[in-house]
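Given chain A, work out where chain B should sit, using these hints.
Residue numbers (my numbering), protein chains in the order written: chain A, 1 to 502; chain B, 1 to 101.
The hints are simulated quantities; they were obtained by calculation from the structure and are not laboratory data. Note that the structure is predicted; figures quoted are calculated from it, not measured. Even glycine gets a Cβ: it sits at the ideal position worked out from N, Cα and C. Certain hints may be false.
[Stated by the list, open to error] Some, not all, of what chain B presents toward chain A, calculated at C-beta under 8 Å: (1) I2; (2) A5; (3) K76; (4) A79; (5) K95; (6) L97; (7) S100.
[Stated by the list, open to error] Listed next, the stretches of chain A that the computed footprint assigns to chain B, with coverage defined by at least 3 CB atoms under 8 Å from CB atoms of chain B: (8) 5-18; (9) 236-242.
One letter stands for each residue in the lines below.
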Amino acid sequence: MNILMLLEMAADGFGERVAVGPLEGGLTYHDLRVRVGAGAAAIAEAGVERVAFVDIASEAFPLALYAAAWAGVPIAPLNYRLAPDQLADQLAQLAPVLVIAGDAYLDVVKSARPAVVMSRYEWLQACHRGHDVEAPAALMDPDDEAVLLFTSGTTAAPKIAVLRHRHISSYVLGSVEYMGAMEDEATLVCVPPYHIAGVANTVSNTYAGRRIVQLPDFTPERWLETANWEGVTNAMVVPTMLARIVETMRAHPGEYSVPSLRSIAYGGSKMPVTVIEHALELFPETGFVNAYGLTETSSTIAVLGPDDHRTALVSTDPAIRARLGSAGLPLPGVEIEIRDELGALLPIGESGEIHIRAEQVSGEYRGRASAVQGDGWLPTKDRGHLDADGYLFVEGRNDDLIIRGGENTSPAEIEDVLMRHDAVEEAAVVGLPDVEWGERIAAVVVVRDGHEVTSDELRAFVKQHLRSSKAPDVVEFRAELPYTDTGKLLRRVVRAELLGEA
Amino acid sequence: MILKAGARLRSTVCSTEIIVVKAPSGDVSITCGGAAMGDPASTEAVAAGSPAPGTGTAMGKRYVNADGALEVLCTKPGAGPLACDGDELGLKEAKPLPASD
Chain A
1 MNILMLLEMA ADGFGERVAV GPLEGGLTYH DLRVRVGAGA AAIAEAGVER VAFVDIASEA
61 FPLALYAAAW AGVPIAPLNY RLAPDQLADQ LAQLAPVLVI AGDAYLDVVK SARPAVVMSR
121 YEWLQACHRG HDVEAPAALM DPDDEAVLLF TSGTTAAPKI AVLRHRHISS YVLGSVEYMG
181 AMEDEATLVC VPPYHIAGVA NTVSNTYAGR RIVQLPDFTP ERWLETANWE GVTNAMVVPT
241 MLARIVETMR AHPGEYSVPS LRSIAYGGSK MPVTVIEHAL ELFPETGFVN AYGLTETSST
301 IAVLGPDDHR TALVSTDPAI RARLGSAGLP LPGVEIEIRD ELGALLPIGE SGEIHIRAEQ
361 VSGEYRGRAS AVQGDGWLPT KDRGHLDADG YLFVEGRNDD LIIRGGENTS PAEIEDVLMR
421 HDAVEEAAVV GLPDVEWGER IAAVVVVRDG HEVTSDELRA FVKQHLRSSK APDVVEFRAE
481 LPYTDTGKLL RRVVRAELLG EA
Chain B
1 MILKAGARLR STVCSTEIIV VKAPSGDVSI TCGGAAMGDP ASTEAVAAGS PAPGTGTAMG
61 KRYVNADGAL EVLCTKPGAG PLACDGDELG LKEAKPLPAS D
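So that you can see chain A by itself, here it is in the shape it has in the complex:
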């Protein structure tokens, strides 16, 4: 099934609800469908094979996403913060392409000479032009490409992940109830369109009938104020955002509250347990949802729900308490297995590579063989384990595993302990080459304002909570750590800097 069908059902069933924007004056599902038809005509007229979207989140994005589906071409939302030559390179890979670009990115986009360029304003105008165009009645092939996403390239050169209509629709049908949102619900979105969560939230909230409020320029203050002003009931954040919201609220006690907020979903990278503990205290009435997924799996495949969070927070059973740091249980229709490097299934509790099988799994990169194996399983390159009740614990990327003296250590294990120290605000742990041990463990720490701590104190702190072989051989202090725009720690940069290669 085609993702356009999701919008058609929304427009048919609750067309008068606001799809995106403010309650007064926002775009309804009915308006959205009418304008998408006009936008699709503009895309068809351009005679291109793909659409690229180079802009921050605005109503132009859902219009472009569904209009591309209607026109039968895939859309590639690109990272607008890329250097000009990188952006030009990605646009060249998409040719012949129609580019919808925000004003700030127009010059760079034009210099790459794509087939057609439209400013955001021109695109919105094009969507305004038509009236009641009929959606194509012909069968839309669910196997057509829907969305092309360049991977963030934290470990290698960016690749183009291909998501077909059947992948994204199967994610939505499997995890979202049609019109499942109440009429007053609104979700606050700060992930950019080029992130899989930016795509997934557009379609899943369409199908649920939940109004989308976009906040492209995140600051904790703006997030808290917008959530209040817009009566936001649901929010989706990446861990670095939640950490900053928590810091701001703790620094100004009593100044901020968001009484309308029923649910905060987080994902995209590992959430420090200390941050989620503080957040649960600061938002006592709010349900927290941890979503784990990959671009290649069309977003979420496992969820730790609100009840799991609260149960874990107050539990005295260490196994249940630990679930606060887990990614929860697989969605219906999703299977998860942990396997060793030879592909053999590992017993419960043992760490290995996370494998996924589900209809929503694409595992396809443009110009490469599918990463999905013959038996239908996708090796994720993420490391993790399952507990006795099937809760998934994600330990980080396989490539980040540190092997010191033959002992495997995932950086997250040490980072979690460091973050429990009062003086530590952020921590990154990496392995560095070592003649004697194979690798030695290095930690880079950002100290919290007004605190002091020494390298030896932190080494002793880790020793006390783990074992001595896991204490960092080196602890260095920095003013900040390098992250991608969507909150992924750039370990490659941390490592290079420590080795003097930066």
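Relative to the frame of chain A, chain B by itself:
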């Protein structure tokens, strides 16, 4: 008929429309209200019938056959009922999940 995932079908006796989510491998007969369903491109839309209480097809609900080989999604509601080879399709119950994005 041989079904394909993504195929759309329209009832010839009520306003029901469906989309095939999962298709069985063999030849099957899909009916709505006892009559064979047709291609929406060549089938005239019928005004909504009034379903008996507790029956009828509901928008956004998924219906499955006994062995789960056939799954369809209702994209326009109507009187129904949907059946595959004479056996009425059952409502696929889904556990509500928290919004994750």
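We went through each hint and held it up to the structure:
1. I2: With a minimum Cβ separation of about 13 Å from chain A (threshold 8 Å), the hint on B/I2 is violated.
2. A5: Status holds, d = 6 Å.
3. K76: Nearest chain A Cβ about 7 Å off; hint holds.
4. A79: Hint violated; B/A79 Cβ to chain A Cβ min 17 Å, cut 8 Å.
5. K95: holds, 7 Å
6. L97: holds, 5 Å
7. S100: holds, 4 Å
8. 5-18: With 5 residues close enough to chain B, the hint holds.
9. 236-242: violated (count 1)
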